[in-house]
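Trainee: Please construct the entire structure, taking both the sequences and the accompanying hints into account.
Protein sequences, first through last, are from chains A and B.
Here the first sequence is numbered in my numbering, starting from 1 and rising by one per residue.
Here the second sequence is numbered in my numbering, starting from 327 and rising by one per residue.
Calculated directly from the structure, the hints in this document are not laboratory data.
The reader is advised that the hints may include incorrect statements.
[Said to hold, decoys possible] Calculated pairs, SDA-like style, for lysine to any residue (alpha carbon to alpha carbon, straight line, at most 20 Å):
1. LYS848(B) to VAL21(A)
2. LYS33(A) to TYR845(B)
3. LYS33(A) to PRO853(B)
4. LYS903(B) to PRO889(B)
5. LYS391(B) to LEU365(B)
6. LYS187(A) to SER319(A)
7. LYS770(B) to ARG45(A)
8. LYS121(A) to PRO897(B)
9. LYS299(A) to GLU812(B)
10. LYS187(A) to VAL167(A)
11. LYS187(A) to GLN315(A)
12. LYS272(A) to LEU73(A)
13. LYS231(A) to GLY183(A)
14. LYS848(B) to ARG22(A)
15. LYS765(B) to LEU26(A)
[What the hints assert, rightly or not] Ranges between beta-carbon positions, derived for each pair:
16. PHE11(A) to TRP386(B): 15 to 21 Å
17. MET531(B) to VAL53(A): 36 to 42 Å
18. PRO809(B) to ASP185(A): 35 to 41 Å
19. VAL467(B) to TRP311(A): 44 to 50 Å
20. LYS187(A) to VAL827(B): 58 to 64 Å
21. SER116(A) to GLU333(B): 43 to 49 Å
22. HIS120(A) to ILE830(B): 34 to 40 Å
23. ASP208(A) to TRP386(B): 53 to 59 Å
24. LYS112(A) to THR463(B): 51 to 57 Å
25. ILE141(A) to TRP386(B): 55 to 61 Å
26. HIS120(A) to GLY874(B): 33 to 39 Å
[Claimed, not checked] From the derived model, a few chain A residues whose C-beta atoms are all more than 12 Å from chain B:
27. GLU184
28. ASP207
29. PRO227
30. LEU229
31. GLU270
32. LEU312
33. LYS321
Note that the Cβ used here is the ideal one computed from N, Cα and C, for glycine as well.
Spelled out, the chains give:
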Amino acid sequence: MTNVFIVVISFLLVVTLVQLVRVGQLLGDIRKKDFNVVTETDNKRQSFLMLIVGLAFLASCVWQYFAWNPLLLPSASSEHGVIIDELMRFTMILIISVFFLLHLFLFYFLHKYKKSSDKHKAYYYTHNNKLEYIWTIVPAIILTGVILYGLNVWDRITNADTSEASVIEVYGKQFGWNARYPGEDQKLGSHDYKLVGGANALGIDIDDVNSLDDKVTRELHLVVGKPVLMKLRSQDIIHSAFMPHFRVQMNCVPGMTTQFVFTPTKTTKEMKMLEGDDFEYVLLCNKICGVAHYNMQMKVVVETQEEYDAWLLKQGTLSEKLLTQK
Amino acid sequence: MSDHHNETFLSKYIFSLDHKMIAKQFLITGMFMGVVGMLMSILFRLQLSNPGESFAVLEWFLGEKWAPDGVLDPNMYLALVTMHGTILIFWVLTAGLTGTFANFLIPLQIGARDMASGFINMLSYWFFFAATIVLLTSLFVETGPASAGWTIYPPLSALPQAIPGSGLGQDLWLIAMTLFIVSSLLGGLNYIVTILNLRTKGMSMTRLPLVMWALFIVAILGVLSFPVLLSASLLLVFDRTFGTSFYLSDIVIAGEALHHTGGSPILFEHLFWFLGHPEVYIILLPALGIVSEVISVNSRKPIFGYKAMVISLMAIAFLSFIVWGHHMFITGMDPFLGSVFTFTTLLIAIPSAVKVFNYLATLWRGSIRFTPAMLFAIGFVSTFITGGLTGIVLGDSALDINVHDTYFVVGHFHIVMGLSAIYGMFAGVYHWFPKMYGKMMNKKLGYIHFWVTFISAYGVFFPMHFLGLAGLPRRYYSNTAFPMFEGLTNINEIITFFAIVGGIVQVLFIFNFFYSIFYGTKASKNPWGSTTLEWTTPIERIHGNWPGEIPTVRRWAYDYSKPGHDTDFVPQTEPLKEGEEEH
Chain A
1 MTNVFIVVIS
11 FLLVVTLVQL
21 VRVGQLLGDI
31 RKKDFNVVTE
41 TDNKRQSFLM
51 LIVGLAFLAS
61 CVWQYFAWNP
71 LLLPSASSEH
81 GVIIDELMRF
91 TMILIISVFF
101 LLHLFLFYFL
111 HKYKKSSDKH
121 KAYYYTHNNK
131 LEYIWTIVPA
141 IILTGVILYG
151 LNVWDRITNA
161 DTSEASVIEV
171 YGKQFGWNAR
181 YPGEDQKLGS
191 HDYKLVGGAN
201 ALGIDIDDVN
211 SLDDKVTREL
221 HLVVGKPVLM
231 KLRSQDIIHS
241 AFMPHFRVQM
251 NCVPGMTTQF
261 VFTPTKTTKE
271 MKMLEGDDFE
281 YVLLCNKICG
291 VAHYNMQMKV
301 VVETQEEYDA
311 WLLKQGTLSE
321 KLLTQK
Chain B
327 MSDHHNETFL
337 SKYIFSLDHK
347 MIAKQFLITG
357 MFMGVVGMLM
367 SILFRLQLSN
377 PGESFAVLEW
387 FLGEKWAPDG
397 VLDPNMYLAL
407 VTMHGTILIF
417 WVLTAGLTGT
427 FANFLIPLQI
437 GARDMASGFI
447 NMLSYWFFFA
457 ATIVLLTSLF
467 VETGPASAGW
477 TIYPPLSALP
487 QAIPGSGLGQ
497 DLWLIAMTLF
507 IVSSLLGGLN
517 YIVTILNLRT
527 KGMSMTRLPL
537 VMWALFIVAI
547 LGVLSFPVLL
557 SASLLLVFDR
567 TFGTSFYLSD
577 IVIAGEALHH
587 TGGSPILFEH
597 LFWFLGHPEV
607 YIILLPALGI
617 VSEVISVNSR
627 KPIFGYKAMV
637 ISLMAIAFLS
647 FIVWGHHMFI
657 TGMDPFLGSV
667 FTFTTLLIAI
677 PSAVKVFNYL
687 ATLWRGSIRF
697 TPAMLFAIGF
707 VSTFITGGLT
717 GIVLGDSALD
727 INVHDTYFVV
737 GHFHIVMGLS
747 AIYGMFAGVY
757 HWFPKMYGKM
767 MNKKLGYIHF
777 WVTFISAYGV
787 FFPMHFLGLA
797 GLPRRYYSNT
807 AFPMFEGLTN
817 INEIITFFAI
827 VGGIVQVLFI
837 FNFFYSIFYG
847 TKASKNPWGS
857 TTLEWTTPIE
867 RIHGNWPGEI
877 PTVRRWAYDY
887 SKPGHDTDFV
897 PQTEPLKEGE
907 EEH
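Mentor: In structure tokens, the structure reads:
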């Protein structure tokens with residue numbers, strides 16, 4: 001029944017539209033005026049609308065900023081995240097100013113220079129090389145600044161010192177994550193994808209002595225203030241390990257190992273005080289990977305060295321796990 | 327030129343060799359695909375604003391299999407997102423936009439009887455048509471259409487075990503894309519040859535209207551970049567079908583270790599984006615060209631800084647070939663390469679800024695006439711500013727780390743590429759409709775169409791930046807799996823509301839288009855008072871465009887409101903007066 005209604009209503013709407021347009025055309029015929037010629041009244045109305053809607057759009061942007069600001073990510077919980085946030089603030093201030101400035105010019109010109117009467121003539125002005133040089137060179141100078149600042153930050157992030165960092169492997173597969181800790185020898189054992197199966201979900205080579213004390217976990221625990229060298233692998237397709245609170249993201253690519261270095265600066269407990277009791281750090285997948293892509297996550301906990309040691313002690317080593325299996 | 331050979335229905339409307347008819351074929355196919363692509367987006371928007379809720383409309387469109395009890399299936403969600411992207415980017419904004427305006431305008435504006443090869447031109451459309459049929463067929467296969475995103479990154483797109491859409495659906499996608507590329511190359515070569523060789527007497531390159539420059543450069547971009555996508559797809563076909571390992575290595579999926587070793591998925595990303603980034607400008611440049619014409623005609627002023635406009639088009643086109651890596655900052659690519667791509671990417675802001683300033687300078691002290699085409703051209707300038715500026719965030723590798731693949735990107739490219747190009751396309755249709763069909767489109771419907779589209783489009787895409795800054799990844803079936811995204815449902819509801827409003831109002835445009843073809847008021851020969859050559863042709867469509875000799879061009883295309891003339895426009899065919907400077 002609803003379907004019939006929808007069809008009938010749509011049909012009537014189209015008929016109404018046709019009739020309205022035809023009335024317009026007939027009126028035009030009677031008044032001997034072409035109904036579709038743009039008149040001065042049109043120009044006045046449209047340019048006025050442009051000004052009103054344009055300013056309303058700019059106002060709505062401001063409203064969105066204030067209304068939704070609390071929903072945005074809290075300030076970074078990692079050392080390099082802080083410098084990213086600074087760069088972001090600088091860039092945002094720059095682009096938002098340019099956004100408002102150019103739009104105000106646009107809406108003002110449209111309103112001011114509408115054709116308002118027959119006498120209104122445009123000014124024949126084809127080019128002005130000096131002006132054009134200025135508005136090529138000024139953006140070029142500003143962008144040089146943006147590029148240098150950006151590259152400096154990028155360089156500090158990607159060339160971070162790894163000598164002090166503890167290695168942790170993050171392993172993605174449809175549709176979940178594992179972390180692997182190197183154990184007391186601080187060395188991750190080697191791996192081969194052909195060994196994946198059963199209890200050995202990460203395909204670790206147990207003939208390698210470094211593997212024996214490795215620990216594979218379902219959660220990622222990090223020590224506050226201690227640099228982490230995160231090694232990323234994937235079992236099947238490309239995933240992306242995204243930890244928005246730390247400003248960390250890196251793809252996990254089958255067949256190769258990627259990495260990211262960062263230092264967490266705030267414990268989960270501290271964040272709970274700041275952001276509310278529900279707060280949890282999270283690692284989520286940010287590269288389309290299939291049906292449950294939207295729910296591929298791992299809990300991340302940042303804690304003190306003591307808490308971390310206690311937690312890690314409880315995790316069984318790989319040799320224990322695999323030997324009990326056998 | 328034979329004007330009077332007998333035309334049957336078949337030779338006039340179907341297998342036409344006439345560039346004007348081929349243009350209309352591209353336009354109407356593009357419009358049809360636009361409706362399909364937009365409907366898809368509304369279907370998945372319903373799921374995003376009301377996750378897990380039942381909608382009769384979903385079941386009605388997708389059936390019991392893909393929307394059981396009216397709830398969208400997560401695999402179908404990914405398929406819809408993939409097909410929406412593929413259709414809008416390639417079918418609507420590449421073929422629909424360039425195919426229409428390059429075919430229609432090139433011979434008319436440069437003063438040629440037709441394209442260099444009418445037959446190749448026809449083939450170009452029919453390859454496109456075949457591609458369309460194959461792509462639409464893939465919507466109906468049992469395992470669903472391609473679902474690995476429009477970027478079809480392997481291994482996801484290579485392994486049917488990873489996602490059902492990577493079975494037959496992906497095969498059909500690849501076949502459709504191959505046909506599409508053939509169509510695009512045939513068209514592109516034809517455009518280049520025609521513009522270089524068939525310009526009428528006096529039409530030097532520096533007298534070409536800017537839209538000709540834009541289409542010329544776009545054709546070159548297409549010819550240089552599409553073959554790379556073709557080879558990338560071909561290697562993917564090999565991996566999928568013949569067991570090679572170009573992109574695949576060390577994979578365990580569905581409990582089985584595959585034999586592939588030594589390949590690299592990153593190779594595919596490099597090849598893909600070597601096309602993919604120029605493709606963005608293949609979409610954008612024709613719109614830049616169209617908007618330049620429309621703004622100049624309706625401001626009754628010459629386009630400001632013609633030379634700078636041409637040079638900035640060339641600069642954007644050149645840079646578009648050396649920035650592809652900015653899509654890959656976080657793939658594990660060498661960070662040094664990241665630096666290089668950040669540098670080249672941010673450089674694009676310079677020619678883009680020049681374009682915006684020149685548009686503003688064109689409006690300055692103009693005598694602006696607000697036709698529907700002009701309104702859409704203005705909309706283009708606005709979205710080009712907004713979307714261009716957020717590109718400065720994304721192009722900066724350090725900032726990209728945290729906004730990569732979030733809704734910030736979705737908002738950015740929909741505004742700068744999607745909206746800008748579609749506004750350019752609307753501006754073009756409203757502006758050249760009188761030339762295409764000899765009728766006027768209804769002005770009032772055009773106004774309503776513009777305002778509702780303009781408001782709802784910003785209503786859809788502007789809030790997405792905030793979603794992205796809240797960390798929400800794109801291509802998520804639902805954001806309910808993470809407590810941190812719970813507060814974002816409100817924003818998603820607003821977006822879906824505007825998407826539906828914006829979708830419905832396109833009915834007005836389609837109605838206006840078809841109604842005006844049949845019942846619109848008759849157009850005069852040059853309704854906008856334009857200087858370019860296409861408005862010197864008769865209103866009736868004829869083969870060969872001009873009944874007598876092809877006119878000779880004697881001045882540039884932008885003599886609007888030139889002092890010393892009676893009218894506020896001087897056609898390109900009018901000789902310079904004694905002592906008159908060209909410009």
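Trainee: All hints, please: hold or fail.
Mentor: Evaluation of the provided hints:
A C-alpha spacing of about 14 Å is found between LYS848(B) and VAL21(A), which places the hinted pair at or below 20 Å, so the restraint holds. Only pairs whose Cα atoms come within 20 Å are accepted, and LYS33(A) paired with TYR845(B) is accepted, the gap being roughly 17 Å. Annotation: proposed proximity of LYS33(A) to PRO853(B) holds, straight-line Cα distance about 14 Å (limit 20 Å). Proximity of LYS903(B) to PRO889(B) is assessed by CA-CA distance (about 12 Å); at most 20 Å being required, the pair is judged to hold.
As the CA atoms of LYS391(B) and LEU365(B) are separated by approximately 19 Å, the hinted pair is consistent with the 20 Å bound. Distance check on the hinted pair: LYS187(A) and SER319(A) sit about 15 Å apart at the alpha-carbon level, within 20 Å; holds. Between LYS770(B) and ARG45(A), the direct Cα distance comes to roughly 12 Å. Compliance with the 20 Å bound is thereby established for this hinted pair. For the hint linking LYS121(A) to PRO897(B), the alpha-carbon distance of about 18 Å falls within 20 Å, and the restraint holds.
For the given pair, LYS299(A) sits about 17 Å from GLU812(B) by alpha-carbon distance, which is consistent with the 20 Å threshold. Straight-line distance between C-alpha atoms of LYS187(A) and VAL167(A) comes to about 8 Å, which keeps the hinted pair within the 20 Å bound. Between LYS187(A) and GLN315(A), the direct Cα distance comes to roughly 17 Å. Compliance with the 20 Å bound is thereby established for this hinted pair. Taking the CA atoms of LYS272(A) and LEU73(A), the gap is near 14 Å; set against the 20 Å cutoff, the hint holds.
Distance hint between LYS231(A) and GLY183(A) is fulfilled; the C-alpha atoms sit about 15 Å from each other, no more than 20 Å. About 14 Å separates the Cα atoms of LYS848(B) and ARG22(A), which keeps this hinted pair within 20 Å; it holds. For a cut-off of 20 Å, the pair hint linking LYS765(B) to LEU26(A) stands: about 16 Å separates their Cα positions. Separation of PHE11(A) from TRP386(B) is about 18 Å and conforms to the stated range, judged on CB atoms against 15 to 21 Å.
Take MET531(B) and VAL53(A): their Cβ atoms lie about 39 Å apart, and the range 36 to 42 Å holds. Checked against the given bound of 35 to 41 Å, the beta carbons of PRO809(B) and ASP185(A), roughly 37 Å apart, stay inside it. A C-beta distance of roughly 49 Å is found between VAL467(B) and TRP311(A), which places it inside the suggested range of 44 to 50 Å. Taken as a hint, the range 58 to 64 Å holds for the pair LYS187(A) and VAL827(B), whose Cβ atoms sit roughly 59 Å apart.
Restraint check, SER116(A) to GLU333(B): a C-beta distance of roughly 47 Å satisfies the suggested window 43 to 49 Å. For HIS120(A) and ILE830(B), the Cβ-Cβ distance of about 37 Å falls inside the hinted range of 34 to 40 Å, so the restraint holds. One distance hint, 53 to 59 Å for the beta-carbon pair ASP208(A) and TRP386(B), holds here, with the actual separation near 58 Å. Restraint check, LYS112(A) to THR463(B): a C-beta distance of roughly 53 Å satisfies the suggested window 51 to 57 Å.
Between ILE141(A) and TRP386(B) the beta carbons are some 57 Å apart, a value that agrees with the proposed interval 55 to 61 Å. For HIS120(A) and GLY874(B), the hinted distance range of 33 to 39 Å is satisfied, since their beta carbons lie about 37 Å from each other. The claim that GLU184(A) is not at the interface with chain B holds, since no C-beta of that chain comes within 12 Å of its own (minimum 28 Å). A cut-off of 12 Å between C-beta atoms confirms that ASP207(A) is not in contact with chain B; the least separation is 18 Å.
No Cβ of chain B comes within 12 Å of the Cβ of PRO227(A); the nearest lies about 17 Å off, and the non-interface call holds. Residue placement check: LEU229(A) keeps its beta carbon more than 12 Å from all beta carbons of chain B (closest about 14 Å). Against chain B, the non-interface label of GLU270(A) holds: every CB pair exceeds 12 Å, the least being about 16 Å. Every beta carbon of chain B lies more than 12 Å from that of LEU312(A), the smallest distance being close to 26 Å; the non-interface claim holds.
Consistency note on LYS321(A): stated as away from chain B, and its beta-carbon is indeed over 12 Å from all of that chain's, at 19 Å minimum.
Hint compliance for this structure: every hint is met.
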